[in-house]
Each structure stands twice: as structure tokens, then as C-alpha cells.
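K.L.:
Sequences listed follow chains A and B, in order.
Under numbering that gives the first Met the number 0, think of the first position of the first sequence as 0, with each following residue one higher.
Under numbering that gives the first Met the number 0, think of the first position of the second sequence as 0, with each following residue one higher.
Worth double-checking, as some hints may not be accurate.
Note that the list lumps identical chains together, so a pair holds whenever it fits in one copy or between two copies.
With a straight-line cut-off of 25 angstroms between C-alpha atoms, the simulated SDA-like cross-links for lysine to any residue are [said to hold, decoys possible]:
hint	residue 1	residue 2
1	151	87
2	145	81
3	173	130
4	93	174
5	173	88
6	173	89
7	151	50
8	93	53
9	151	109
10	93	163
11	173	86
12	70	133
Read the hints as simulated data drawn from the structure, not as lab findings.
Protein chains: 2
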Amino acid sequence: MDRRAFVGLTLVLGGCAMTATGQGQPPHSLPAEDVEAINAVIAAYERTWNASDLTGMGALYTPDIHWVNVKGMHWRGFDEVDRAHRVFFDLMFKGVPCTLEGVDSLTAIAPGVAAAVVVWRMGAFRTPDGHLAPAARNRMTLIFAKTANGWKIAHGHNIEIDEQAAPNDPIRGKRTQSS
Amino acid sequence: MDRRAFVGLTLVLGGCAMTATGQGQPPHSLPAEDVEAINAVIAAYERTWNASDLTGMGALYTPDIHWVNVKGMHWRGFDEVDRAHRVFFDLMFKGVPCTLEGVDSLTAIAPGVAAAVVVWRMGAFRTPDGHLAPAARNRMTLIFAKTANGWKIAHGHNIEIDEQAAPNDPIRGKRTQSS
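Please model the entire structure based on the sequences and the hints provided.
P.N.:
Shown next as C-alpha cells:
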């Protein structure tokens, strides 16, 4: 993502985050500076992934981060999340490109907590058992917490998008009226 | 899950939530009454699923809930999440059992916000295109926010656990020393 696109996205998301979304109590708003700071963490995640910089990636986590990966594995706390990623980079992810396709949404959950949903384009890679995993798009939930050291990732959950199933999405699928 | 197991889990999780997890600033604690209230929402989710009670399920959501389902579809806000679930219950989920296997973790993200990771056993079902999806285990992240109406689900992200990949989990896999 180039800088202009990134700044544009920041402004658009800043606008969305200010918009009321419906019934009940109004949603918490997310100040533009927080939107910018969170987008910077997402950009840092992309940069550290593509540099295989696991120390830099770990600097984006809270101490008690939890992570659910694309296979449904669940890692608990900084040490596990950091170690698991290092093992998988050594085994298969080093040099595999991961490119930010876009930030679907950035929603304030409460003061100092926000949920981002982001889509990544992952390059093909070979699994430890020799199987070739083709290029795919992943959709990732990132829960951000504002700490004394800035916005950090407190929770991640990642899934490979099933492109075959996507047309059956009742909200955005090609087979529905409303998209 | 019977009542005794549920109460036991509540106490265990209450204890865990009080435990410090490491470096940097101490994690936020989650009072026992909040742990109990969140477990009650998880139990209500199970109950409403199995009764195909979509109105009851919707009462567990915040107005600005986001949901990423097991196929990587992303629904934004109450209306989309509610409508998509109603469509899928009509098409395929009505009568398909969903049983809570356990709450992996319950972590305070900030005051009034908590992340639960839960595992469900889903029964087999037939997809709209006639394909039989076998019984499977799903791992779900649920982000809870404390609102004027109690703890509600602000974000959900669900994935089918890849049981073939599980032995390769660097942290809990059967092929690692540490499990």
C-alpha cells in the first residue's frame, strides 16, 4: 500500500468511525489520531512480516496477547504467540509475501479498545509436510488496546477466505440482491 | 455442559483472570462476577443456537457488532449479523446441534472489555449446494463489552479447527516436546 492510499484510508476510516450505526446506545467514537495510530500498527505488521522481523512483530503485541491462527490453533500470551510465529517462519513463512489488501473496518469497542478487520493477500508456500498451499486471501480480526506504549495488538484471529463460498454470503454475495 | 461443570469453569477462569501473565504492565483483572456474567452469555449463545432462537441470539449482540464467519465472510453491524444468521439458519443450521466443548480462555482486554476463546462441537449439516459438511470443531473468538444492558458480544470470529494440522502446533501439538 503506498503512502497516499494509506492516508486516504485513514481519513475514510476516521469518518466512518464517527458515524452512528443504529439502535441502542451510540457507539464509542474513535478519534482520528487513534485511527491513524492503529493504521500505522497494521502497516508495521505488514512490514515486519515481509522482513521476517519477528522481534519487530512482537513489539506490536500486548504482553497477554492471544492468537488464533488460520488452522484454528490457539496461542496464549506473548511467549507462546512469539514462539509459534518464529517456528512457523523458520518452517515455511520466511520470504512468503503478505500484502495488505485493505482494512475492511475499524470499530471502537470501548474507550481505548478497537477492532479492525483486515484482508491480506498471502503468497503460496510449502507446508512442513511438503504440501503446496496456494496463494490465498486471509481475513484477520485484530483487537487493539491503547497502552502506555501506544496501541498494541491484544488479540488476533485469522482465517483463509473461502472464495467458493463467498457468492453465498447473504449480505455481500453475488447471489443476493443486496451487495 | 451441565451446571456443575459450568460453575467449576467459572471458578477456574475467575482464578486465571486474576493471575499476572508477565512482562510490561500487569494485565487488567476480570472480577469473578464479570466472569460469571460472560459465561452466562456463552451459555445463552449455546441455548439460543440449539433452539434456533435468532431473536434471543440477537439480544446477546451490541448494536455495532461485527462478525467473521467460518468461511471468512464479514458482516458489519447488528442488522447484517442478524440477517445473515437468519438466512443461514433457514438454509442449513436449523436443528444442527452446537455444543460447547469448553472455554479455552477468558482475558480482560481493558476495563469493560474481555476476549473469550471458545470451542464448539458442530453437528453435520448439508450446505445450500447439497454438499454434506461433516461434524467438526469450531474455535470462536468472542469480544465482550460491558454495556448498560450487561455484557454483550461486540465482535465474533469463528474458524473450523483443522484437526490434521493440530499435531504441528508449535505450542500444543503432539509433535512438540512442550504440550
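K.L.:
Which hints, by number, does the structure contradict?
P.N.:
The structure conflicts with no hint, since it agrees with every one listed earlier.
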